[in-house]
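Participant: Chain V is already provided as a structure; the job is to place chain E on it using the hints.
Spelled out from the first residue to the last, the chains are:
2 protein chains.
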Amino acid sequence: MHQVTPQITNIVELLNANDTTAVAKLFATAHPANIADALEQLTPSNRPLAWVHIPKEAKGEVLSELSEGVFRNLAHALDNQELVSAIKALDIDELADLIPDLPEALLADVLFEVDTQTRANLGEVLSYPEDSAGGLMNLDTTVVRDNVSLDVVLHYLRLKSELPEHTDTIYLVDRQNRLSGILPIDRLITQPGRDSAIDHAIDAPVTFQCLDDEQDVAKAFADYDLISAPVVNNNNALLGRITIDDVVDVIRDQAEHDIMAAAGLKEDEDIFAPVTKTSRDRTVWLAVNLVTALLGSWVIGQFEGSIQQLVALAVLMPIVASMGGNAGTQTLTVVIRGMSLGTISRENMMTVLKKETMVGVLNGIIWALVIAVIATLWFQNIYLGLVIAAAMIVNLVMGAIAGVCIPIFLDKMNIDPALAGGVALTTVTDVVGYFSVLGLATILLL
Amino acid sequence: MHQVTPQITNIVELLNANDTTAVAKLFATAHPANIADALEQLTPSNRPLAWVHIPKEAKGEVLSELSEGVFRNLAHALDNQELVSAIKALDIDELADLIPDLPEALLADVLFEVDTQTRANLGEVLSYPEDSAGGLMNLDTTVVRDNVSLDVVLHYLRLKSELPEHTDTIYLVDRQNRLSGILPIDRLITQPGRDSAIDHAIDAPVTFQCLDDEQDVAKAFADYDLISAPVVNNNNALLGRITIDDVVDVIRDQAEHDIMAAAGLKEDEDIFAPVTKTSRDRTVWLAVNLVTALLGSWVIGQFEGSIQQLVALAVLMPIVASMGGNAGTQTLTVVIRGMSLGTISRENMMTVLKKETMVGVLNGIIWALVIAVIATLWFQNIYLGLVIAAAMIVNLVMGAIAGVCIPIFLDKMNIDPALAGGVALTTVTDVVGYFSVLGLATILLL
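Read top to bottom, the protein sequences are chains V and E. Take the first sequence: its position 130, counted from the start at 1, is 265 in this note's numbering, and no numbers get skipped. Take the second sequence: its position 158, counted from the start at 1, is 293 in this note's numbering, and no numbers get skipped.
Extracted from the complex, chain V is given alone in its bound form (with noise of 0.2 Å):
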């Protein structure tokens, strides 16, 4: 890979060893991206000394480029007026993105700044949910009637010097500004100027309203392999479109949100926050975590004598509530994927959750059958060994039937399962492991 901007990887020894003149040089030719990706990988206190030696005009790329949690600190540690100047020279998508981040004073700041045109424009593309596709709206459309020809289109975009980034089409509207069609920009070129725009349009594969939802967007896109969409309102007039750039920041963070929700953490977190900060922001997840240890630790209270007369119990009731709680997780990330890919609804769900409860008998009988012969080997009992078979098909059976239930009822709580899956799923795997391991000997063996 061969890049025209040079990717910034000693800039932290650089730094170090207080060479600002590289700093200053290899940020003169960098790519505002690959200037964010440096700044990411600075501890917080770091930032603000490379800051300065970004280039004047890359500034504001650079913040719409950083992560949340590295802007807001940056945010923090720079002065208003340098944010401001930054900042006000961003597109209006980029301006969107930023401003739900910004402090309030330097939001009117930065408002205050901006010209009347793109104030208006701002206050329209904020006025949607900031994961709709509203949100996710650019307003430089090019718009051409669609009664003229190709010659007088062409004509018309030879005033202007360049292009919006991403226009791979033209959109043709009627009086009323309602769309009509798609011209794909390779037409204006291949066919005959004489001919009519609109004998050349396209449908559109898709068209989508300001309250859309951002995923849905991003799958049509995926789907049908866009590079543009428009967005309409009711009366299907032209209000702005979507491009596949911002599209694929959708899709990248999600990834980012599913995997760091599964831990109980935020997708911006700044690997780089001071140890307090980051102490606090899992305190809650570990705090829940607790609580459902504690569960599970009442249910093994609950059977004390047993283990007193039986200590092999504690020794194995572990394996049980894991191996519950692993093949529950299966389960678990195979329907949340499902769910989330829509290849889950409503009317294959009995399907899934009856195959998921056979996965989980027949696994159930195999690792019964290993335990048993480990565990009536290990403490020289058969019947122990039973018991925690009969255990262990109970556990890997309620995880199956635990991993199709939980995200479902998550889903309709309105609770993320991503975020909240896991932890309901190993709650219900180490009460139901703990409780048929030491029930089953207390009323089978002891």
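Don't read these hints as lab results, they were simulated from the structure. Treat the hints loosely; a few may be bogus.
Heads up, the list lumps identical chains together, so a pair's fine if it works in one copy or across two of them.
[As the list claims (entries may be wrong)] Straight-line C-alpha distance at most 20 Å; calculated SDA-like pairs for lysine to any residue: (1) Lys489 with Pro179; (2) Lys412 with Ile536; (3) Lys191 with Thr418; (4) Lys489 with Ala408; (5) Lys412 with Val385; (6) Lys489 with Gly440; (7) Lys223 with Ala396; (8) Lys401 with Ser475; (9) Lys160 with Glu248; (10) Lys489 with Arg415; (11) Lys295 with Asp334; (12) Lys160 with Pro340; (13) Lys223 with Ser315; (14) Lys401 with Ala390; (15) Lys489 with Thr178; (16) Lys191 with Tyr359; (17) Lys295 with Thr276; (18) Lys223 with Leu346.
Facilitator: Chain E in isolation, oriented as in the chain V frame:
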């Protein structure tokens, strides 16, 4: 969201009701991606029934949109001639994606049926690893010599009736086919035709070589907001181009992989695969988990006498193990993401280790205090509370250190940290958790 191709939600119902006319009608106007989605939602036995209603010309595209698991399952159920005629209609890059999944007999048939040029092109694309820039590459570049005027370029393009999909740039090459510039297609429209093409060319922000990793390609596309980018050889000769639609698939597949791998699943797991196949697929993961769980049990087994004397240890030890596992998983997740995004590098690794260890110490102290109070009140034994508290600090610090070191170690060993990191970490925190609770108690209390 309005889609010209209707979404297929009730296909399961229609098939169950045996309403084949309605199915055929839905498929007749649907986008291949939507038809593929519908097939994914069906059980394996229903998929061939739906397949016969897919319009002939869409069948190839549908196959190329299916996930690997579902494709293999369907391919198994259909006869070879049917598959070959669907597949041979595909574009080179779609063909190249499918070929690794084809059974050998089928592959031979497909290669026999396509024309010589396609076979040669396929050979070229397939000669690179699937996860490299060469594997992602399309051969449909639009190329002109770099010494011509814009008018000549336009004239040349008019001879084609349309340009390849996602053509946002024309490649300018010299006599030796070396890339000398990239002409954005809008310049053809907005700039005077007399101008020389090379004067309006831009430098490529990045050029790829065939063996570049697809993850680096994806990052560059996201960083530089690219629609397409050239692939060149060592002499800068143009070989092909990569387009954003394929990059979007890479990004989505990687996200899928990371999420599924964390539960020991393959990213193409077919939700509706037969029970025995699913059970078999999940066996290895559960076997690994059993071994790690046995390791934890072995540690507990070393302290049977201690537990018999003080059963409260058996009640409390899972809490310490669980808290260490959760805190460690948070560190692990942050580190794995940081490594894959490039935020964590060799230079700042020690900073990360120091910081996470400090977080572990701080969180350890906080939760040690909490659990000390709970244990003391629960079992009316302040010494027990102190032992559990000490064990909590040990295990949370251990979790933090393991969370940083395990992914670094796995990465060095070329093992995917997303796959093995979680199991390795919880093994460490279970063993250390049990050992510190039981060991400290044995020394200090008994």
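Participant: Evaluate each hint against the coordinates.
Facilitator: Each hint, compared with the structure:
no. : hint               : verdict
1   : Lys489 with Pro179 : between (51 Å within a copy, 15 Å between copies)
2   : Lys412 with Ile536 : between (38 Å within a copy, 19 Å between copies)
3   : Lys191 with Thr418 : neither (39 Å within a copy, 57 Å between copies)
4   : Lys489 with Ala408 : between (46 Å within a copy, 12 Å between copies)
5   : Lys412 with Val385 : neither (26 Å within a copy, 34 Å between copies)
6   : Lys489 with Gly440 : neither (38 Å within a copy, 44 Å between copies)
7   : Lys223 with Ala396 : neither (33 Å within a copy, 42 Å between copies)
8   : Lys401 with Ser475 : both (19 Å within a copy, 17 Å between copies)
9   : Lys160 with Glu248 : neither (30 Å within a copy, 56 Å between copies)
10  : Lys489 with Arg415 : between (42 Å within a copy, 17 Å between copies)
11  : Lys295 with Asp334 : between (24 Å within a copy, 18 Å between copies)
12  : Lys160 with Pro340 : between (46 Å within a copy, 18 Å between copies)
13  : Lys223 with Ser315 : neither (35 Å within a copy, 35 Å between copies)
14  : Lys401 with Ala390 : both (12 Å within a copy, 16 Å between copies)
15  : Lys489 with Thr178 : between (51 Å within a copy, 12 Å between copies)
16  : Lys191 with Tyr359 : between (39 Å within a copy, 19 Å between copies)
17  : Lys295 with Thr276 : within (13 Å within a copy, 27 Å between copies)
18  : Lys223 with Leu346 : neither (27 Å within a copy, 41 Å between copies)
When held up to the earlier numbered hints, the structure conflicts with 3, 5, 6, 7, 9, 13, 18 and fits the remainder.
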